[in-house]
Amino acid sequence: GQQVMQIPQYQHVQEGEDFTTYCNSSTTLSNIQWYKQRPGGHPVFLIQLVKSGEVKKQKRLTFQFGEAKKNSSLHITATQTTDVGTYFCAVIPMDSNYQLIWGAGTKLIIKP
Amino acid sequence: NAGVTQTPKFQVLKTGQSMTLQCAQDMNHEYMSWYRQDPGMGLRLIHYSVGAGITDQGEVPNGYNVSRSTTEDFPLRLLSAAPSQTSVYFCASRGLSYEQYFGPGTRLTVT
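Sequence order for the protein chains is A and B.
Each residue of the first sequence is one higher than the last, beginning at 1 in the numbering used here.
Each residue of the second sequence is one higher than the last, beginning at 1001 in the numbering used here.
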């Protein structure tokens, strides 16, 4: 069935370094959502991308939707300890029943 | 608005016991769902409902039942708990743009 690949599984960064996670689909997507889950917490909706080539920013977070609507990225500039957590993408394929398909998540770890 | 609430927060069961995890939302969302999340893993859909009286199976429905008698409530029943059901369970409701709002989760241990 439809699968979503999210890479990397983990990323260790020094505080102040940048972080990027990628979400890739084999089929064209209707939209993609990004969520953040803090350790011990629940997933929290960050943003939704709908248009081909769309770029949205939230402070230090930049979200991009690929031109072919098959991939997306989340980039965090100058990470802070408050960014620690797991970032999930969730996609709705074109011509689907609007069920979300979840990526496995990328865990952001700040090195001490 | 309380959003999505779940009870209990923690639960320990013995193998073979049954229990119901409660979920309620006050956002008048039609679509609700249950997920399980195993340590270090992503979210797997157990059951979902598109409105009162309508439920359907997700990716991992075996061992779980749901019902939806009202828009607000969507309880998840474990019929006969097994150690493989040790997990964190999240209930979610879906907004008009398909974004999901999650409850705080129930951490379940089956011994």
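Treat each hint with caution, since some may be false.
Here are a few chain A residues that face chain B, going by a calculated C-beta distance under 8 Å [claimed, not checked]:
| id | residue |
| --- | --- |
| 1 | P8 |
| 2 | Y22 |
| 3 | G53 |
| 4 | G85 |
| 5 | F88 |
| 6 | W102 |
| 7 | L108 |
In silico lysine-lysine, BS3-like type, Cα no more than 27 Å apart, as pairs [unchecked claim]:
| id | chain 1 | residue 1 | chain 2 | residue 2 |
| --- | --- | --- | --- | --- |
| 8 | A | K70 | A | K107 |
| 9 | A | K111 | A | K36 |
| 10 | B | K1014 | A | K36 |
| 11 | A | K107 | B | K1014 |
| 12 | A | K70 | A | K59 |
| 13 | A | K56 | A | K107 |
What follows is a set of in silico ranges between Cβ atoms, one per label pair, in the way DEER data are often shown [stated by the list, open to error]:
| id | chain 1 | residue 1 | chain 2 | residue 2 | range |
| --- | --- | --- | --- | --- | --- |
| 14 | A | V50 | B | I1054 | 35 to 45 Å |
| 15 | A | T27 | B | R1044 | 29 to 39 Å |
| 16 | B | E1030 | A | G53 | 27 to 37 Å |
By construction, these hints were calculated from the structure, which means they are not laboratory data.
Where is the CB? At the ideal position from N, CA and C, for every residue including glycine.
Unsatisfied constraints (hint numbers, rising) = 1, 2, 3, 4, 7, 10, 11, 14, 15
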